[in-house]
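Chains A and B supply the protein sequences, listed in that same order.
Heads up, the first sequence is in this note's numbering, so the first residue is 1 and it goes up one at a time.
Heads up, the second sequence is in this note's numbering, so the first residue is 1 and it goes up one at a time.
Rather than coming from a laboratory, the hints here were simulated on the basis of the structure.
Misleading hints may appear alongside valid ones.
[Stated by the list, open to error] Residues of chain A placed beyond 10 Å of chain B at every Cβ, according to the derived structure:
| id | residue |
| --- | --- |
| 1 | Asp14 |
| 2 | Arg50 |
| 3 | Pro114 |
[Said to hold, decoys possible] If you anchor each label on the Cβ, the simulated ranges turn out as follows:
| id | chain 1 | residue 1 | chain 2 | residue 2 | range |
| --- | --- | --- | --- | --- | --- |
| 4 | A | Arg106 | B | Arg110 | 30 to 40 Å |
| 5 | A | Glu62 | B | Asp67 | 16 to 26 Å |
| 6 | A | Gly29 | B | Asp51 | 53 to 63 Å |
| 7 | A | Leu45 | B | Thr23 | 41 to 51 Å |
| 8 | B | Asp81 | A | Val70 | 11 to 21 Å |
| 9 | B | Asp118 | A | Pro116 | 46 to 56 Å |
| 10 | B | Pro225 | A | Ser119 | 46 to 56 Å |
All values reported here derive from a predicted model rather than from experimental measurement.
For each residue, glycine too, the CB sits at the ideal point set by N, CA and C.
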Amino acid sequence: MSKYLLNKFLYTVDRDPDLVERYRADPIGTVAWWEAERANVILNLPEVERSTWLTFTDAEREALATHDFVKLFELGAHNFLTLTLFIAMFERDYDEPLGFQLEYARRLSHFSLPYPDIST
Amino acid sequence: MATVAAVIASTHHPFYYRASTSTGADRPPFADEWVAKIEAFRETLTRARPDILVMVGSDHFHQLWLDNMPQFLVGKAPFYDANFYNEEREFGLPRMFVRGDEDLSGYLLRQGIDAGFDLAFSNELRIDHSITCPLITLRPEADLPIVPIYTNIFAPPLPQPKRFAELGKAIRQLVESWPSDKRVAIIGTGHLSLELGGPRQFGPHGPDPEFDRKAVGWIASGDLPAALAEVSLDSLWLPGNATHGFMDFMLMMGVAGENVKADYSDSLDLFHTMEAYFTWYPEAAA
Numbered sequence: 001m002s003k004y005l006l007n008k009f010l011y012t013v014d015r016d017p018d019l020v021e022r023y024r025a026d027p028i029g030t031v032a033w034w035e036a037e038r039a040n041v042i043l044n045l046p047e048v049e050r051s052t053w054l055t056f057t058d059a060e061r062e063a064l065a066t067h068d069f070v071k072l073f074e075l076g077a078h079n080f081l082t083l084t085l086f087i088a089m090f091e092r093d094y095d096e097p098l099g100f101q102l103e104y105a106r107r108l109s110h111f112s113l114p115y116p117d118i119s120t
Numbered sequence: 001m002a003t004v005a006a007v008i009a010s011t012h013h014p015f016y017y018r019a020s021t022s023t024g025a026d027r028p029p030f031a032d033e034w035v036a037k038i039e040a041f042r043e044t045l046t047r048a049r050p051d052i053l054v055m056v057g058s059d060h061f062h063q064l065w066l067d068n069m070p071q072f073l074v075g076k077a078p079f080y081d082a083n084f085y086n087e088e089r090e091f092g093l094p095r096m097f098v099r100g101d102e103d104l105s106g107y108l109l110r111q112g113i114d115a116g117f118d119l120a121f122s123n124e125l126r127i128d129h130s131i132t133c134p135l136i137t138l139r140p141e142a143d144l145p146i147v148p149i150y151t152n153i154f155a156p157p158l159p160q161p162k163r164f165a166e167l168g169k170a171i172r173q174l175v176e177s178w179p180s181d182k183r184v185a186i187i188g189t190g191h192l193s194l195e196l197g198g199p200r201q202f203g204p205h206g207p208d209p210e211f212d213r214k215a216v217g218w219i220a221s222g223d224l225p226a227a228l229a230e231v232s233l234d235s236l237w238l239p240g241n242a243t244h245g246f247m248d249f250m251l252m253m254g255v256a257g258e259n260v261k262a263d264y265s266d267s268l269d270l271f272h273t274m275e276a277y278f279t280w281y282p283e284a285a286a
């Protein structure tokens, strides 16, 4: 389990307008690039001082590469990070206000309390 | 010594700015009632004639991140830029810029640490909508210096609810002991029941109206003992997966004082969340 790294992907993509569009258009390529080039960069350090040990599990990589927010919820990705980024990518595809948000809720409707643990 | 001119606790709804400024077909049907309530709430701060605003909120994974996450952080900077690209994108929030009050920040840090709260600090803090939403609702001119205080209600492990209340009591005491003739309003925002990124999100009301009803009662009556008896880190998951923001209300109940009734309280049942607004005037009670 690398919930921290899932969150780091969602966080670093969400704060960069170009990456949001790139992830929407090419999820497989963006996830592969990010894991190879960005996963180990410590955000407040020069890139040379990077970590050496962070990788996704197969399930995590697959969930990100398929835009599977239901699976991300199940894996314990932070609910706020997932929601914010997915609204940025997909709200535009729905005509009604909150259309995507309500569809998002519906797709998660089989979950009951307690929800998957988001602690890292 | 400084005067606590007002204590204010409210929800922070990032959609208020867009709802209140939209026109024509874009203006939601509830906007006029919402604006009327906010303008009445704003008056409760205006009439307290504050010189400085201490503002309690929570960074929503903007500047603060999981590689270095403080539980309680006080901003100490001469200025604060505010709002982020993703808040502009999702909520239409404007970029803002406010002055800081480094003297009060420094006093709260030194005295707070000495009082047993190992506060983190930041000398370059970009503040987010947890602080700019109450500026927009309560002081849209954003003309007063602020001291931002961030709490972690977001990234477990979180401090216990009791600790939020204790910090609130300490903030009140520290502001009252600050050697200054300034009038300080202490403003904090949190949530009632709230679900984000879960199956109960964006319903016609908040996810747990019964919790909201009880919570509004606790806050309006200052019943911190009842809130502390009923609320725990585990129980706060039940009303909605973002309900830990209620702990910022508990902090503000600590600022206001145990069993001190709010002088002003109002609420508004909106889609997605119950909005709630409270003001106390410690001077009138003194």
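Results of checking the hints against the structure:
| no. | hint | result |
| --- | --- | --- |
| 1 | Asp14 | 6 Å, violated |
| 2 | Arg50 | 12 Å, holds |
| 3 | Pro114 | 6 Å, violated |
| 4 | Arg106/A x Arg110/B: 30 to 40 Å | 51 Å, violated |
| 5 | Glu62/A x Asp67/B: 16 to 26 Å | 25 Å, holds |
| 6 | Gly29/A x Asp51/B: 53 to 63 Å | 54 Å, holds |
| 7 | Leu45/A x Thr23/B: 41 to 51 Å | 47 Å, holds |
| 8 | Asp81/B x Val70/A: 11 to 21 Å | 36 Å, violated |
| 9 | Asp118/B x Pro116/A: 46 to 56 Å | 31 Å, violated |
| 10 | Pro225/B x Ser119/A: 46 to 56 Å | 28 Å, violated |
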